[in-house]
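Asker: Heads up: the sequence shown at position 186 corresponds to 186 in this note's numbering, and the numbers run straight through without jumps.
The calculated DSSO-like cross-link candidates involving lysine-lysine, where the alpha carbons are at most 30 Å apart (straight line), are:
#1 K239 / K104
#2 K210 / K183
#3 K495 / K86
#4 K191 / K171
#5 K239 / K81
#6 K104 / K153
#7 K453 / K210
#8 K391 / K369
#9 K495 / K453
#10 K114 / K104
#11 K58 / K153
#12 K210 / K495
#13 K86 / K210
#14 K453 / K498
#15 K191 / K210
#16 K171 / K42
Bear in mind the hints are in silico, worked out from the structure with no lab data behind them.
Note that the coordinates shown come from a computational prediction; the quantities given were computed from them, not determined experimentally.
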Amino acid sequence: MIIFTTFAPMNHNRYLYWLILCLMLTMVIPQPAMARTSQKTKYPGGRYYIWRYTLKDKQGSPYSIEHPGRFLSHRSIERRKRQGLKVDSTDLPVSNRYLRLIEKTSAETVREQKKRSTEWTIIGTSRWNNTVLVRANDTTLLQRLAALTCMRKAEHVWTSPDSIPRMVRQKAHDTFNPWDSLKGEFYGCGKEQIEMLLGQRLHNIGMKGKGMTIAILDGGFQNADAIPALQHITIAGTKDFVFPNSPYFFQETDHGTKVLSAMGANEPQVLVGTAPDARYWLLRCEDQQSEQPVEEDYWAMAAEFADSLGADIISSSLGYNDYDDFPGYYHQRDLDGQTALISHTASMLAQKGMILVNSAGNSGMGPWKKIAFPADADNILTVGALNIEQKNAPFSGVGPTQDGRVKPDVMALGSPTALISGRGTIVRDMGTSFSTPVVAGLVACLWQALPQKTALEIIQLVRQASNNYQRPDNIYGYGMPNFWRAYMVGKLEVKSEK
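Take these sequences, add in the hints, and give me the full structure.
Answerer: Okay, structure coming up:
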């Protein structure tokens with residue numbers, strides 16, 4: 001689920017709030033660059049299912065942790081070495097022997113049933129979770145795979161929807177509107193969101209994310225390849241993890257475009273992001289056509305890909321707690337950082353040398369109220385949303401985790417945040433989706449300034465430099481981080497260690 005909202009009520013009159021909300025939902029919501037129409041089309045290919053298989057071990061793997069260069073990039077290995085982290089068995093790819101057994105059993109089942117219409121494919125694996133995703137249109141085949149001795153667990157995680165909405169691409173503007181420019185103000189419309197966290201002081205000493213790689217996990221990056229204001233951003237690459245891959249990567253939702261702009265934009269007097277000099281990978285792992293558990297697998301695959309290519313930071317404005325046709329899949333008692341596959345994966349990132357900055361979610365005013373998955377993960381920075389008065393936005397998901405950890409970790413401006421939409425125009429959108437990249441970009445700047453620090457040390461510095469650190473709570477967390485203070489404290493620590 002993409003984490004964003006478009007409204008933060010300014011009073012507590014419930015009737016008035018719902019009236020205004022309904023009006024905004026029908027009149028004021030900024031339209032995404034890929035607009036959904038009321039028309040629907042039949043889901044292509046008929047009825048299919050995806051099952052997640054957890055393997056019992058990694059026997060038969062041709063890889064070994066003594067030779068990580070065969071399955072990890074040089075940058076990924078060096079990132080671990082720099083932080084004193086070892087490659088372990090979770091880094092090994094899943095067993096080729098078991099993959100061949102799945103393929104053999106599937107082929108045999110098709111031959112035995114003599115059903116020419118039976119189709120199946122392995123669509124992905126997760127080495128950290130030791131899982132395999134298999135898509136097929138025959139549940140008998142999927143059940144037979146579940147009975148293999150190499151399987152520890154089998155779960156149904158996706159069913160093809162009956163129909164999906166038609167999408168129509170919106171064109172991107174070549175120029176900004178005259179009123180989007182703030183003459184004489186370098187950060188333009190982004191002034192409040194960066195100055196609220198003292199990020200401009202890091203920029204003033206040349207720390208703008210240079211040398212850092214940020215992977216954005218999102219649902220789409222509409223027109224990010226066409227908007228002139230985004231052309232200066234260093235895009236290292238793109239990859240789609242949703243099956244089937246979109247034939248038009250840059251024609252999906254513009255949610256990720258907005259996230260990217262909060263960090264990478266560099267249009268003085270219009271919008272300057274928090275890490276304009278960083279390198280970015282755009283990774284699509286959110287399926288806009290349905291909301292089902294398989295999206296946790298897509299997220300895990302994207303996170304592992306980010307690790308393998310050597311990313312330093314992951315900015316993720318995604319969260320899940322409720323799925324189509326999977327009633328009661330999660331309960332609040334599951335918010336322990338380990339129960340959900342996505343949270344278990346997220347909790348491993350710091351031990352791989354990466355920092356995950358994830359949105360808290362926007363359920364604060366709904367029945368769920370709490371943070372979403374993977375915002376409950378351990379050793380990450382979960383970001384809530386503030387309004388311009390530095391007060392908690394009512395929609396921002398609250399903590400703590402089920403095991404009593406403080407959540408959210410930190411807060412930033414998300415009600416509203418200045419962004420560039422998929423149409424190429426300046427918009428002000430609301431949600432923890434957009435307070436998250438504001439923080440993620442500044443984390444990159446801080447780490448650039450303190451390269452000796454580990455992921456865990458940077459996370460702790462950010463928490464300690466927040467204005468509610470001494471008395472954290474389940475609404476404001478550790479509070480609003482002061483990145484200049486984090487840098488100064490970190491700098492003193494580095495000096496004392498020499």
